[in-house]
Amino acid sequence: MFLQLTLGGLSQGAIYALVALSLTVVYRSTTVVNFGHGDFVMAGAFISYVLVVIAGVAFLPAAVLAVLAMFVLGVLFSRGLIRRVRGGPHIGLALMCIAAGYVLRGIARMVWGREVLPMPRVFDIEPIFIGNLVITGDAVFIIGTVLVLLLTLFGLLAFTDLGKMVQAVYQSPRGARLIGLNVELFDDFSWGVGAALGAIGGILIAPVSLLHPDLGASFLIKGFAAMTLGGFGAPFGAVLGGLILGVAEQYAGAYIDTSLIEITAYLVIVLVLFLRPQGLFGRKAVVKV
Amino acid sequence: MQVSSLPRLRRRLFWAVPVLLLALPLLTNEYTQFVANGMLIAALVTLGFSLVIGNLGQLAFANTAFFGLGAYASAILSATLGLPWIVTIPLSGLVGALGGFVASSAALRGIRAYYLAIITLAFGELMRWVYVHARPVTGGTNGLALPKETLFGFSLSDDKVKFYVFLLVAVLLIKATSNLLRSRLGRAIMAVRENEVATASLGIPTARIILMTFAWSGFVTGCAGALFARHVGHVFPESFGMIQLISSFAMVLVGGLGSILGAVLGAVLLTALPEYLRAFPGLEELFFGLIVGAVLLVLPMGLASLLRRASPLFSERYYRE
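If you're matching them up, the sequences are chains A and B in order.
If you're matching positions, the first sequence starts at 379 in this note's numbering and goes up one per residue.
If you're matching positions, the second sequence starts at 30 in this note's numbering and goes up one per residue.
Okay, chain B solo, but in the shape it has when bound (with noise of 0.2 Å):
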């Protein structure tokens, strides 16, 4: 293989993976097609996260609560306001943002590492608190139900129609995230990680990037916040707890830390296992607890260091090793 149609064929192989995954509710029962949509979202929150964690270098575990505003800001809209559910998936991701603002706004005030992931932590318990006492609003414990919708005539309880559109805004946001990431924003955050002070001493405003790297995350996260609304039809404060987070890491670890192509790994090969665990109190929690750990002690940069090192074709310049 030439190495100057490397790129080439990497775009190629980027785009037809969706282009394939377009038969697959011909393939799908209902349950399998449900799963195969949690996976899309899944993949989405875990790439929001992983961009924090993997490639910014900060402890944080405020994305849970972006994914909790953006699922309550498409359930309010819809519901309460009556907007299309559709156009909510944006709105959601603007709420993530300025979700991803304020909970990393303390950056500006030389807040970093350890300060920063407590003040997250703060950030995302304040939110859960918020989603249960705003009862007017979110509906406090019981939540808020979607109303039944179409799309271009096409019935958006149907989880076949769902796949479409989760498809379309999962395959936009992952381009979206790796164009950012070979910009030079992106190269500033990788920079940031590696080197704060050196990155400061080039000129780069470093606090500023920090707020920009959690916005992007919050607008990513917020959006599948949105697809998870319609996913399960009706959101409830309990979905953006303690399991989601520690699931979350998992899925970043697993695809390795800061790699696109290991989000989307991590997050289906985790997504489907859970729905077996759920039944055993503490199950989820343990094998969750347990992977973490065992992918740092045996494999610390993921899944996609394998691959990176099987072939050129998955190599990304996201993390030096």
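Here chain A stands alone, though its shape is the one from the complex (with noise of 0.2 Å):
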């Protein structure tokens, strides 16, 4: 019982990850907080369900298609309405967000009415069992592809001089432009990655629940649940408050109520803020005055 938990938990908890991490790298090289993140995963979830259901691709194909179109629509998101916000007060640069988000969400909600979509299973793996425990081959596939995933994103960050650049855009964007680097254009980049790593989340979670259009704030909330536990713009403290975020879950559901599950982030949210507002790993997320 308790070792299901922990395997529920964890693959749920890995798409939370992604999701957080998804924002963190967003947040990381712009200082902007996209609230219609959870928009953007789910349009990614949405696209590979068109391309599957509807125009028959095979999932990985389909899976890759809608990740590319996530990406070119970040960066034209970033390039076309975000950069024109810059300047005014900091307040518009969320709420274009927020409108980006709406927009989303109400162009799937046209399409697709009140329905809830059940996308068709990627893999018709055969559960493993060890003992009690059942291992589906939708939680090794999640665990898997997020693990993929976040070590090379992280090789990338740390080893290489595309995560030194990152760093230095991250630190000073007036020291990076001075020397050389072409601020705007990393700019444009994060919110393609972003947007792409989010629609990552939105196309691995599809498969295993269900596609509706309010899917994305959820994944907001928990996205932001994770980010504040692990320390806003810490991207191993993301992914670390992700996965703890998915475990709490399942454990606040099964040991207490299972009507707990859909607040155990907001709870997260305002425990950590009043407790320790760094998060696990940030650094100091309050002001002295």
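Hints in this document: simulated from the structure, not taken from any laboratory.
Heads up, some of the hints might be wrong.
[As the list claims (entries may be wrong)] What follows is a list of derived Cβ distance ranges for each label pair:
hint, chain 1, residue 1, chain 2, residue 2, range
1, B, 109, A, 636, 22 to 32 Å
2, A, 438, B, 326, 31 to 41 Å
3, B, 187, A, 654, 20 to 30 Å
4, B, 342, A, 562, 38 to 48 Å
5, B, 230, A, 557, 29 to 39 Å
6, A, 614, B, 342, 52 to 62 Å
7, A, 633, B, 326, 41 to 51 Å
8, A, 550, B, 312, 41 to 51 Å
9, B, 212, A, 557, 45 to 55 Å
By construction, the Cβ of each residue, glycine as well, lies at the ideal position given by its N, Cα and C atoms.
Got two chains here, separate frames each, mind docking them using the hints?
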């Protein structure tokens, strides 16, 4: 029971980790928190659904296409909209993200109405039984994909020049510009990568849950909870926060009350911000005035 | 026009609007009266929201929750405890204000900006969960119905009667907010928006200013919630969800961040529309999303900034341009 819950929590948490990490990628390079990110996740899932179910493309090419489409959308969003409101009141940036999210959600709902869509299963792998523990193919697939993505991303950030440049842009956009980095291009690129990573999260969750236009809203909150728990802007923290949240949800649902699953993320946010605002790995989040 | 007479002229103009509106129920039919009532409520909701995101400059999502708290407080107090509805208006305001305190109390721990936004988002979602799960008190997903009532012999089921009550509440709260913003506290609120460190260096307790702004915003929005409960006669959890949030954002932005005149304008303009949009799923979200995006790109300070440019009569010193 306990192990089964932990495994379920980890595979759910892997998705939260991915969402939190994609939020962190954008936040670290542009200092913008994408309040519409949940709907980017939803859009990725919907594009893959259209390709698989309506256009009849196989799952893997469909997933790749959907991720590429979301990358392009992220870049276009940064170029066309975010850049233009950068000069105004800072609240404008967040509002632009929210507006974009609602537009995506509105489009999804206009096309699909109030229906809930089941996504066909991807792999019919026989579940593995170890004692009482059932390891489903989905869990293996989700955790495996996220793990590969994380290792690639952390490898890129830690060991390559690209990683150093990203760090430079994060620490001082002005300084980065002085040494000849194209900061605007980095911003666009980060938005693209953020949107693409979020889309992967959506595509991974689609086959194991149901698709609906409001899917994004709950992922946004969970991503925020994971980020807050791990420490805002800390990539490793975001991942760990996501995993902890996923497992915590399962425990709370099984040992206390199932209705608690929905609100575990909110409770985590409130508790962390009151008790330890910097999270597990973040820098101090508070102002001292 | 002499400059010295401008404030007096402005005051007269302010009071002329509600006086003229007294005649409105003579011109309306049942449907337009219902929409006009909705506009008054939306004006208060937008005012409360604009106070936080426009005047205080903090991104926050909890106002939908204050609205819901006010509506539920009014419904519970009048349906379960049998209080006259009119008495529940200020009480709902107080419940909303309490919500404002709780949602923003993290400010005392030094939480600002995005963190405050996220915690208010969590607060709003938690409240929605409570509406659904606190079934014995809130009626769960079935919601709560308000009992039929009369006020001084007039039936409160009549939209024209409701209009006069709503108008009175709206005018009082708008005037009070306008006075508040011109007071010492109001200037402190806008100083926090412009530069919190500088404000604190003048000895102003900025965290407390943030809490007080949220509380007043909660009071205004909570009162609006009580009006809303009477307006539709029934309180459901779905009334305080994501659509409510984006439409509030749109109303604030269209009118103009931090402008009282703008809050009223934005609410009036955008209240009539959704009735037509509601027929198609998703259209409302798309519409409000596009409006918010377009205003940000084209007219970041909203319609109020156009009016300000057109005539000094409409000038408000709530936002530096």
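Here is what the structure says about each hint:
Range check, residue 109 of chain B to residue 636 of chain A: Cβ separation about 28 Å, and the 22 to 32 Å hint holds. At about 38 Å, the beta-carbon gap between residue 438 of chain A and residue 326 of chain B stays in the expected band of 31 to 41 Å. Checked against the hint of 20 to 30 Å, the C-beta distance between residue 187 of chain B and residue 654 of chain A comes to roughly 54 Å, which is inconsistent with it. A hinted range of 38 to 48 Å for the beta carbons of residue 342 of chain B and residue 562 of chain A is consistent with their spacing of about 42 Å.
For the hinted restraint 29 to 39 Å between residue 230 of chain B and residue 557 of chain A, the CB-CB distance of approximately 35 Å keeps it satisfied. The hinted window of 52 to 62 Å between residue 614 of chain A and residue 342 of chain B holds, with their beta carbons roughly 57 Å apart. One distance hint, 41 to 51 Å for the beta-carbon pair residue 633 of chain A and residue 326 of chain B, holds here, with the actual separation near 50 Å. Distance hint check for residue 550 of chain A and residue 312 of chain B: the Cβ-Cβ separation is about 44 Å, which falls inside the suggested range of 41 to 51 Å.
For residue 212 of chain B and residue 557 of chain A, the hinted distance range of 45 to 55 Å is satisfied, since their beta carbons lie about 49 Å from each other.
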